[in-house]
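Whole structure, please, built from the sequences with the hints as guidance.
Protein sequences, first through last, are from chains A and B.
Each residue of the first sequence is one higher than the one before, starting from 0 at the first, in numbering that gives the first Met the number 0.
Each residue of the second sequence is one higher than the one before, starting from 0 at the first, in numbering that gives the first Met the number 0.
For the record, the hints were derived by calculation from the structure and aren't laboratory data.
Check each hint, because a few of them may be wrong.
PhoX-like, lysine-lysine: derived pairs with alpha carbons at most 20 Å apart [said to hold, decoys possible]:
no.: 1; chain 1: A; residue 1: K188; chain 2: A; residue 2: K216
no.: 2; chain 1: A; residue 1: K248; chain 2: A; residue 2: K297
no.: 3; chain 1: A; residue 1: K368; chain 2: B; residue 2: K80
no.: 4; chain 1: A; residue 1: K103; chain 2: B; residue 2: K80
no.: 5; chain 1: B; residue 1: K135; chain 2: A; residue 2: K297
no.: 6; chain 1: B; residue 1: K89; chain 2: A; residue 2: K248
no.: 7; chain 1: A; residue 1: K103; chain 2: A; residue 2: K79
no.: 8; chain 1: A; residue 1: K295; chain 2: B; residue 2: K53
no.: 9; chain 1: B; residue 1: K89; chain 2: B; residue 2: K100
no.: 10; chain 1: B; residue 1: K135; chain 2: A; residue 2: K295
no.: 11; chain 1: B; residue 1: K53; chain 2: B; residue 2: K135
no.: 12; chain 1: B; residue 1: K89; chain 2: B; residue 2: K49
no.: 13; chain 1: A; residue 1: K242; chain 2: B; residue 2: K135
no.: 14; chain 1: B; residue 1: K135; chain 2: B; residue 2: K49
no.: 15; chain 1: B; residue 1: K53; chain 2: A; residue 2: K248
no.: 16; chain 1: B; residue 1: K127; chain 2: B; residue 2: K100
no.: 17; chain 1: A; residue 1: K248; chain 2: B; residue 2: K135
no.: 18; chain 1: A; residue 1: K2; chain 2: A; residue 2: K216
no.: 19; chain 1: A; residue 1: K368; chain 2: B; residue 2: K89
no.: 20; chain 1: B; residue 1: K89; chain 2: B; residue 2: K135
no.: 21; chain 1: B; residue 1: K80; chain 2: B; residue 2: K49
no.: 22; chain 1: B; residue 1: K127; chain 2: B; residue 2: K80
no.: 23; chain 1: A; residue 1: K297; chain 2: B; residue 2: K100
no.: 24; chain 1: A; residue 1: K79; chain 2: A; residue 2: K105
Here are the simulated distance ranges between beta carbons [said to hold, decoys possible]:
no.: 25; chain 1: A; residue 1: E273; chain 2: B; residue 2: E99; range: 51 to 57 Å
no.: 26; chain 1: B; residue 1: E99; chain 2: A; residue 2: A15; range: 53 to 59 Å
no.: 27; chain 1: A; residue 1: D284; chain 2: B; residue 2: E99; range: 32 to 38 Å
no.: 28; chain 1: B; residue 1: G58; chain 2: A; residue 2: R76; range: 41 to 47 Å
no.: 29; chain 1: A; residue 1: E369; chain 2: B; residue 2: A128; range: 31 to 37 Å
no.: 30; chain 1: A; residue 1: K79; chain 2: B; residue 2: G130; range: 49 to 55 Å
no.: 31; chain 1: B; residue 1: V124; chain 2: A; residue 2: T227; range: 46 to 52 Å
Predicted model, so just to flag it, every value in this text is computed and none were measured.
Virtual Cβ for every residue (Gly too), placed ideally from N, Cα, C.
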Amino acid sequence: MAKTALYNLTDGGLQASLASLFRSMLEQGLVSAVMAPMRLSPGGGVMQTLVTDPAQMDMIDLFAPSFPLNAARLVSRLSKKPTGGTVAVVLRPCEIRAHVELVKLKQGSIDDLIVVGIDCPGAFNNADYGKIAADERAGFTDTFLSAVLSGETSFENGLQLSTACRACVHPVPHGADVSIGIFGIDIDKQFLLGAETEKGEGILDALGLSVTEAPDKRDAVIESLIATRETFRNEMFEATHEKTDTPEKLANYLSGCINCYNCRVACPVCYCRECVFVTDVFDHDPYQYLRWARRKGKIRMPTDTVFYHITRMAHISTACVACGQCSNACPNDISLMELFSMTAHATQAAFDYEAGRSLTDDPPLSVFKENELADVVEVKH
Amino acid sequence: MDEGFEPTIIAFVCNWCTYTAADLAGTSRLSYPSNVRLIRVMCTGMVDPKYIIKAFLEGTDAVLVSGCHPGDCHYINGNYKARRRMKLLKTILPQYGFDEKRIKLTWIGASDGIQFAQTIRDMVVEIKALGPNEAKQAAVV
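What follows is the structure, given as structure tokens:
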């Protein structure tokens, strides 16, 4: 696979060099637009922004530790029909994996996209990012990057990256056309550009970059990062299992849920246009609540909360990429990512499937085979 | 173990095979415990996982899904889809403490009245030994 090239930084540093990389992609007509995380104003927050004017590329901020939404949904919006041009979309690894799932569920395409994946240094949850980067957002990303790449895990006021990011075992993009590497690279001087597909190689060739091998230490850096993350993740699974291993404990775990369904809105792979939980099926008649209450003596209001969450597990746990946006969106700080990723890990293993791994593995619930899963069926006599 | 415990079993049975088998068991005057509540569906392939999750949250002690043998599905492949969904539920629900033995899938053909009655008898014995649904006591909805 993979052609790689080292891109030497210009005077302005990493952010300016990345801006100039995308600027030249636009100027050379390699793509008709670029969607990338960008500061909306010099002191403002970071959000995905669709840019067509090369002169407007300056405030690009790919590595800001801010992850307000999983952009797979935006990419799905951009790609479900041809636009007549090619759009480069800059995504974190979990956003790429979510998009792969959406493509398989016929919610988008990769045909007219150049997927640019970044080595992901992680992000804070929304509330923490606001606190930590409030004053000097523009310069904050550089400070953050050099800290995180030197192995720092605790930041101002003892804040840490979001749990989802600390438990993420996919920090390097997979399935991108072009990758931007920072792990094991001296980012004061350069960053690594990789081409993983023919489309990607076309971009590298057109930019006139000469092929260079990635530095030797890169693989080791990535390996050790993943090992640390995996340990953290497994401990997290264990702790979460301990907290939810009976129906009663699960109900307690979810007791703060107010049925706002923000987690479902934020979830990149929960793609139904109309969720069954907002249809008439759950628009119960008033006497129904009383009947339930009479039968059990009491019922929690709002109702259908555990039901909603377990149903969501059934619907999307095979597609969950553990991006953590469910936790980010929860107004009552329920640790949903921990619960979802634990369950998803088990269901994906049960079907020998990994969300986002490839465009050719069929989603487990979309196919069947004649001879399989003998262990599920009780055979008598 | 509560001696007087009578489990409730919700059985989703397909119109073409297992429901017909249950009918045959009845017309053949075979007896089987009344713990089972049959819900006739056109095909096991239409048993939404929600039905099963809801049944457990409402306190059923076991769920049986039963349809045509592989290759015999009236709708060609509904039972294969049901099998995948049951695999999914058998992976998800036990993580939250629902015993996997409470979630059963069987194939019982239209002529297997005897087997239907025996399946229900066996299941009642098994679930009696297992005790009430783990969610029954909690106010879980």
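These are the hints, each one checked on the structure:
no., hint, result
1, K188(A) to K216(A), "holds (16 Å)"
2, K248(A) to K297(A), "holds (18 Å)"
3, K368(A) to K80(B), "holds (9 Å)"
4, K103(A) to K80(B), "holds (18 Å)"
5, K135(B) to K297(A), "holds (13 Å)"
6, K89(B) to K248(A), "holds (19 Å)"
7, K103(A) to K79(A), "holds (12 Å)"
8, K295(A) to K53(B), "holds (15 Å)"
9, K89(B) to K100(B), "holds (9 Å)"
10, K135(B) to K295(A), "holds (9 Å)"
11, K53(B) to K135(B), "holds (12 Å)"
12, K89(B) to K49(B), "holds (13 Å)"
13, K242(A) to K135(B), "holds (19 Å)"
14, K135(B) to K49(B), "holds (18 Å)"
15, K53(B) to K248(A), "holds (17 Å)"
16, K127(B) to K100(B), "holds (12 Å)"
17, K248(A) to K135(B), "holds (13 Å)"
18, K2(A) to K216(A), "holds (17 Å)"
19, K368(A) to K89(B), "holds (18 Å)"
20, K89(B) to K135(B), "holds (19 Å)"
21, K80(B) to K49(B), "holds (15 Å)"
22, K127(B) to K80(B), "violated (29 Å)"
23, K297(A) to K100(B), "violated (28 Å)"
24, K79(A) to K105(A), "holds (8 Å)"
25, E273(A) to E99(B): 51 to 57 Å, "violated (32 Å)"
26, E99(B) to A15(A): 53 to 59 Å, "holds (57 Å)"
27, D284(A) to E99(B): 32 to 38 Å, "holds (35 Å)"
28, G58(B) to R76(A): 41 to 47 Å, "holds (43 Å)"
29, E369(A) to A128(B): 31 to 37 Å, "holds (34 Å)"
30, K79(A) to G130(B): 49 to 55 Å, "holds (50 Å)"
31, V124(B) to T227(A): 46 to 52 Å, "holds (50 Å)"
Hint violations for this structure: numbers 22, 23 and 25, all remaining hints satisfied.
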